[in-house]
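Asks: Sequences listed follow chains W and F, in order. If you count the first sequence from 1, position 84 lands on 83 in numbering that gives the first Met the number 0, and the numbers rise without skipping. If you count the second sequence from 1, position 193 lands on 192 in numbering that gives the first Met the number 0, and the numbers rise without skipping.
Do not rely on the hints blindly, as some may be mistaken.
Dumping the calculated SDA-like pairs for lysine to any residue here, alpha-carbon to alpha-carbon at most 20 Å [to be verified]:
id: 1; chain 1: F; residue 1: Lys63; chain 2: F; residue 2: Val247
id: 2; chain 1: F; residue 1: Lys367; chain 2: W; residue 2: Asp202
id: 3; chain 1: W; residue 1: Lys54; chain 2: F; residue 2: Val247
id: 4; chain 1: W; residue 1: Lys182; chain 2: W; residue 2: Glu133
id: 5; chain 1: F; residue 1: Lys165; chain 2: W; residue 2: Phe53
id: 6; chain 1: F; residue 1: Lys165; chain 2: W; residue 2: Asp73
id: 7; chain 1: F; residue 1: Lys321; chain 2: F; residue 2: Ser59
id: 8; chain 1: F; residue 1: Lys364; chain 2: W; residue 2: Glu136
id: 9; chain 1: W; residue 1: Lys189; chain 2: W; residue 2: Asp202
Worth flagging that the hints you see were computed from the coordinates, not collected in a lab.
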Amino acid sequence: MTNLLEVKGLTTRVSGFTIINNLDFSIEQNELRVLLGPNGAGKTTLICMITGQFKPASGTIHFAGHDITGWAPDDIFQAGISRKFQVPNMYETLSVFDNVMVSLQGRRRVFSTLFQRLSGTERDRIWEILEFVELAEKASDPADSLSHGERQWLELGMLIASNPKLLLLDEPTTGMTEDGKHKTAELISKIAQTHTVLLVEHDMHIVRQIGKRITVLHQGQMLAEGPMSEVMNNETVRRVYLGKGKFQ
Amino acid sequence: MAEIVRDKADRAPAQKNPARAKRRYRAPTFLPLWALIGGVIVVALIGSYPYYGTNAYVLSLLGKFLCFALFALSIDLIWGFTGILSLGQAVYFGIGAYFVALSLKINYAMDHPTRYGGKFPDFMEWNGLTGLPSFMTPLTNTPFAVLCALVVPTLLALLFGVITFKRHIYGVYCAVITLAESLILQDAIIEYQAYTGGFNGITDYGSYATPALLWFILAVCVVFLIVSRALTHSRVGTVLKSIRDNDVRAEFMGYNVANYRIFVFCVSAFMAAAAGALYAAWVGIISYLDAGPVFSIEGVIWTAVGGRGTLIGPFVGAFVVKGAEFFLSGALASWWQIIVGGLFIFVVLVMRDGIVGTIGNWLRKWRKGATLEEVMEESDQRAHDRQLDWQPGGPPPADEPVR
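Isolated chain W (complex conformation) (with noise of 0.2 Å):
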């Protein structure tokens, strides 16, 4: 099976530092990928250059076909790459039925979405959106009514919405009770079903509950990377990440 996202040598600097030292890294299709490691190594960084905030100094993106490298954030998406934020990332003031409305998958330009209006197919995929992540009775709300978790739900919504072909969840769990973690958890495993997703996070819980196939980074450089068991199993893997004497 050929690889739907492969980055390959892949070198970025802010300001003098190294964040992330010729990397490389690789996602077939369908897979459900789980992104570890410590602060600072490089994770997040790695997900703000596959979109495009960043731009590489070297090395290059390849995403179903196209070298992406240096592309917009705009086209990146149109490529089929959808990115959730660390924080909540929503329209505040747009009700949550508007948020997904946006987020639909369809056309982006100016005078196209001048006159568009909504059809039948895309109203029922909204609401088939809303009752998966279990916001329909909200949906007149305005998005900034909604609690924390609530609104992480919604983002996850927003990005099923797009329909991507890639789907980057920068720590969907972050500030979210026990419930709302393994609820995510679910959500996550739902959508990975049918969609190729690659998952930063920290929570080992969660890790254990969906994870199958792992990557570790460390100071910009992979570390590790397999199945569930083999990474936790690795020396060099315990020591700089999860901490030798916890687990001794």
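Chain W is already provided as a structure; the job is to place chain F on it using the hints.
Replies: Relative to the frame of chain W, chain F by itself:
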């Protein structure tokens, strides 16, 4: 209409499907009944003033205020709906006004020769010109001048948008650049006084303040209101609002934020230019002040006081602030500027949503069954909360640990 029908069809199977019964979503209507009735009454009241009103001064103010309101509406489109604060909107108003005023003046001078017999605008004669400059001859044709008054500002806005928004310049920097733009135009008008009338502006080109022009201004206002409603109610309007709320999210949702900003900036400039063109014809005097930063900021204040993000707000704001100014400044002449400044500070601190927005919030709460006191308390609290959020750099990220 089709949308309403579809919405009903969508809610119809609610009894059969319990999951669907939970949905309490009402799509906003394009033109609510109260707005239609209220709008017709207001239009009728203003439009029939020449019949029942006797005060010519009030009549002249009505036309003026309508132009100001249209100007404020153009600011609301970019500021209230898209989040671009422009402190130079008067540039587009001013250019529109100057094109029309120049054309009217040139035509007026042909029938009314100056003291020395020159058949071209008197201010040109005072400044040593011996005839109408050749590049201004096309302006003799008034329809062409009106076309220029509308098209030139729109193209200028397009140029401005391409050089700023495409380079990801917005927010405070954009506000400062627009302010500079407005200062430049003001200085240029003063500097090239042979062509613009300089400090004195363009005066004495005949009066066109007839009931017919009032109705025309009123009609233009109604048309622009409907266009603005259509724009903000449509899909593109939802995208504009999402750019206002969170431009980064919109960009990562595949929207070319710069193009949307440029688009709405051009629409807004067109609207401001139309307001300026009508204003020049109505008041019969135009000066550099009508293109300067002070007038731009005044427009921003009207929008804020009336309620940004609402379409009626700019009209209410312009009429309330400007109306109060005209009727109170006689009594409180030296205090008036301070009062307007204080009003702006009051609105920013206590009523962030302006008059219309605050009333709207109350009504919405009231419908949900809260008492008016609770509603007002809520509203104060919200204003307070937003004030706390309003720091340089925005609110701290939610997940940042407290150290």
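Asks: Take the hints in turn and mark each one as holding or not.
Replies: These are the hints, each one checked on the structure:
1. As the CA atoms of lysine 63/F and valine 247/F are separated by approximately 40 Å, the hinted pair breaks the 20 Å bound.
2. Under the criterion of a C-alpha separation no larger than 20 Å, the hint pairing lysine 367/F with aspartate 202/W is inconsistent with the structure, at around 40 Å.
3. With a CA separation close to 16 Å, the supplied pair lysine 54/W and valine 247/F stays within the 20 Å bound.
4. Between lysine 182/W and glutamate 133/W the alpha-carbon distance is near 11 Å, which keeps this suggested pair within the 20 Å criterion.
5. For a cut-off of 20 Å, the pair hint linking lysine 165/F to phenylalanine 53/W stands: about 17 Å separates their Cα positions.
6. For the hint linking lysine 165/F to aspartate 73/W, the alpha-carbon distance of about 13 Å falls within 20 Å, and the restraint holds.
7. Restraint check: the Cα-Cα separation between lysine 321/F and serine 59/F comes to about 13 Å, which is no more than 20 Å; the hinted pair holds.
8. With a C-alpha separation of about 18 Å, the suggested pairing of lysine 364/F with glutamate 136/W holds against the 20 Å cut-off.
9. Distance restraint check for lysine 189/W and aspartate 202/W: the Cα-Cα separation of roughly 19 Å lies within the 20 Å cut-off, and the hinted pair is therefore satisfied.
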